[in-house]
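Listed in order, the protein sequences are those of chains A, B and C. Per the working numbering, residue 24 is the first one in the first sequence, and the count goes up by one each step. Per the working numbering, residue 203 is the first one in the second sequence, and the count goes up by one each step. Per the working numbering, residue 64 is the first one in the third sequence, and the count goes up by one each step.
Calculated from the structure, these hints are not laboratory results. Treat the hints with care, since some could be wrong.
[Claimed, not checked] Taking lysine to aspartate or glutamate and the EDC-like style, the derived pairs with C-alpha atoms no more than 20 angstroms apart in a straight line are:
id, chain 1, residue 1, chain 2, residue 2
1, B, Lys355, B, Asp367
2, B, Lys491, B, Asp527
3, B, Lys445, B, Glu458
4, B, Lys491, B, Glu521
5, C, Lys259, B, Glu480
6, C, Lys259, B, Asp330
7, B, Lys335, B, Asp367
8, B, Lys532, B, Glu480
9, B, Lys491, B, Glu477
10, C, Lys259, C, Glu241
11, B, Lys532, B, Glu544
12, B, Lys547, B, Asp422
13, B, Lys355, B, Glu477
14, C, Lys240, B, Glu255
15, C, Lys240, B, Glu317
16, C, Lys259, B, Asp309
17, B, Lys445, B, Asp510
18, C, Lys259, B, Glu296
Owing to the predicted nature of the structure, the values given are computational and were not obtained by experimental measurement.
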Amino acid sequence: MPGPHAILNYTRRLRGPMTNNRTWIPYLLILPSVAFLALLFVVPLVQTIWLAFSDNGLPSLANMRTMAGDLNFLPSVRNTFLLTIAVVPVQVVIALVMGTLVAKVGAGRETILWIWTIPLGISDLAAGMVWLSILQNTGYLNSLLFSLGLIERQTSWLTYQTPVALFIGIAVAEIWRGTAIVMVIIVAGLNQVPKEFKEAAEIFGAGPWTRFFRITLPLIRPALQSALILRTVLAFEVFAVVYALGGRNFPVLVGEAYTWQNQNQNYGVAGAYAVLIMVISLAATVVYLKAIKVDPERLP
Amino acid sequence: MANIVIDRIRKSFGSFEALKEVSLTINDGEFVSLLGPSGCGKTTLLRIIAGLETATSGDVRIGDRSVIGLPPKDRGLAMVFQNYAVFPHMTVYENVAFGLRMQKADDARVKAQVEKAAGLLHIEQYLDRYPNKLSGGQRQRVAVARALAVEPKVLLMDEPLSNLDALLRLEMRTELKTVLQSAGTTTIYVTHDQTEAMGLSDRIAVMHNGVVEQVGTPVDVYNHPATRFVGGFIGNPPMNFIKVPVSNGQVVAGAEQFVAPKEAGGEVVLGLRGEAVELAPLPQGLEMKVRVAEPMGSHLLLTGSIHDQPVRVILPASETVRSGDTIGLKLDRNRITWLSPESGKSYPAVAA
Amino acid sequence: MSSKTVSAASPAGFVSSRRWLVWSGIIALCAWVLVPIYLVALGALGGRQGVYQWPKTGLPTGISIEPFLLFLRTEGVVQSFLNSLGAAGITVALSIILGAPAGYALARYNFHGKDSYRLLVLLTRAFPLAILALPLTVSFIRLGLYDTITGVGLIHTVLALPFAALVTQGIFLGVPKELEEAAWVFGCTRIQAFFKIVAPLALPGIVATAVFAFVISWNEVFAASVLTVRNRTLTAYLLTVLSESPMHYRFAGGLLLILPSVVFIFAVRRYLFAIWGISSK
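One chain only, chain A, in its complex shape:
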């Protein structure tokens, strides 16, 4: 690691004659985190790519081929995408509803928001177990349906014979857990929209829906964008909730990476899955950045 003096000299050369003798301070301050991220983010990133595209130390597409030829590959790609498509929009809608509802409340607002943020502290594994208690054969869902007379005996929802029910169960658990983070980001965004804008629109005759779609939604674009990116990347990482509810009945990408790594001890194929997940995540981020343009000049 270069010392502060090396960096000082470097910045001197960078900026020409120095008048402020303290420009090295910020570099000294960010240096530890840069070094850390270089060692444990950039290096493993490169290693992952190398793992995926090499075989016995030589560049190769063998791992990619093994991955693509695996029985679980296509189902896991399909399942991951379907889950993301089903889960993320619902989370955003629920979060917007929560944000709109809580804006109409005076007293009790703090408590309501706290209750809604509780799932933020809950891991996907715990969420899986929570919903397992509801969806298992002798669980509360079956009890409810039974007492309503809708089913006659215990029904299984989480087996490979009931893929649709399993999918819905996983999606509900993910929606239950992951909405909190979207809600927090969106409420934080809504808090930054001055009330006067909506009031002005109201005076000029805009109804509640027009106000929402023409005023509020465009103004919280940055929050919406960052919520979508964060949630989508997390949705592609879905793993533990699936495992807790359905075991390996419902293959997803990260689950496959885990299996290849831990059970099959094949780091190369696991790496190939990792690269695939990264590419999908990056692509989604790029799509969101392009699709939801945030023009700072059009924001307050």
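Got chain A; can you put chains B and C on it based on the hints?
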């Protein structure tokens, strides 16, 4: 001895030149205001003196010692910030004591100095409170007391009254003057409010676009502005500038003739304070078309034009002039400033 | 509030029905969050009999703390709980020690490479970071970090550090620069000014950031499972014993995972929105 010498200070932010070779000398015990519109460089200059900003080139000497390169704490100065910068997690007492504590003063001295400063600013009863329980005006007093408690050689004030409401500002201004007169500290006071600068200062340095346009006593700067900018910036209403033709070294205004400065060419700008006129019958007086007449109680403010150029003049409240009238004005010949229409600089005074 | 202006202007029936709609929506959403937690708690406290009770009433009958304590006494549970605490502790310490100075630099200085640094930090968000545990297995084995709590703490710091840097930036921006400058003018060195003025004022926000770093580590499953064999964190332990555990053990595990995070989220609830407002800019 704590005079301050600002010697050819330059400061650029990228390609923007905030200060262009500014030089200024402030004598020991003197109160000097840096006055100018926002963006003129006055705050940057103050921060360079404080050591919070680094000059691109030039020198600052406090008490004949160059302080360039010294951290703020070693410059022997105190400062009052625009937003007060009163530490919210310390009591008023600890805020006022802060500088003394940093100097490792013993408790007895700290107590004596804090009580003295608190007494001067009338904040004794708030000493054990936290600043967020205080009003803006009270916080302002704490900020000033904190600065005075260390008995600094040099006191810097950055728009200290700008966040107060108008009434409080007037009250604090009077009080500041009383307090600082007794302290005898060399003071640099940054403001964009000309009445503050006029009321408080021994001398005013008017700044514009990174340049000091004029340095002088308040009366001097008011009556003899060195540039068109200074005349327009100081005074309310601002000085009027009327472009008039010169023939045979003379300027004609109504029935009166004035000797134009000998440097003047075919035209000259007549700088006229709004109150340096009195009503005169036409055609002896200089003709003014009054567009709006505003009776202000203490005086009558007239907005209109002379020679088709906009002017504002002030007449005694007892005069009756209405909007739309055409009136004649007699100019006070001792209070006319002649300026060059090209450079905007004033000509040396000519004998009337 | 706006409801008052509405009630003055519109017929009372309309207003009360609208208020009724708002509140029923709020209560439904609160129930949506709380009821599943209540149910898993019932499952955790109901023991083996509770699991096979049919049909269930959803009422707290036949529950006791005994089944939960039994679960805690199961071999490996307490140890993995402690391991999780350890990994989270390392994550908190590292992400604050490394992230807060960076946040301070971003908040207070303009320097070449500031934008690149921010880009690096934001870039981590577009990556599923836990996946990076895969190649790290090999390096960690070589470095003796594999199957250690330190190793898990390190990879969790990769997750928490960018967050910590961005959030502390916002927190330091919230401490007016003038306060620091006043401290310099009144005799402080930069370091003294930081510890006397900035640190005390930023402390609550930094504690909130630390709590978030804790929750991030506490909840992480994938990297912890990949990088440990015997020294499992709680999440990794539960994941591996999942398939062979009886149902009520799984519920008890779920409850044990939930409890500390909920307490922590409660502790920082006042900062939640400020922090996310900052970090989503």
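Structure versus earlier hints, numbers of those that do not hold, lowest first: 1, 5, 11, 13 and 15
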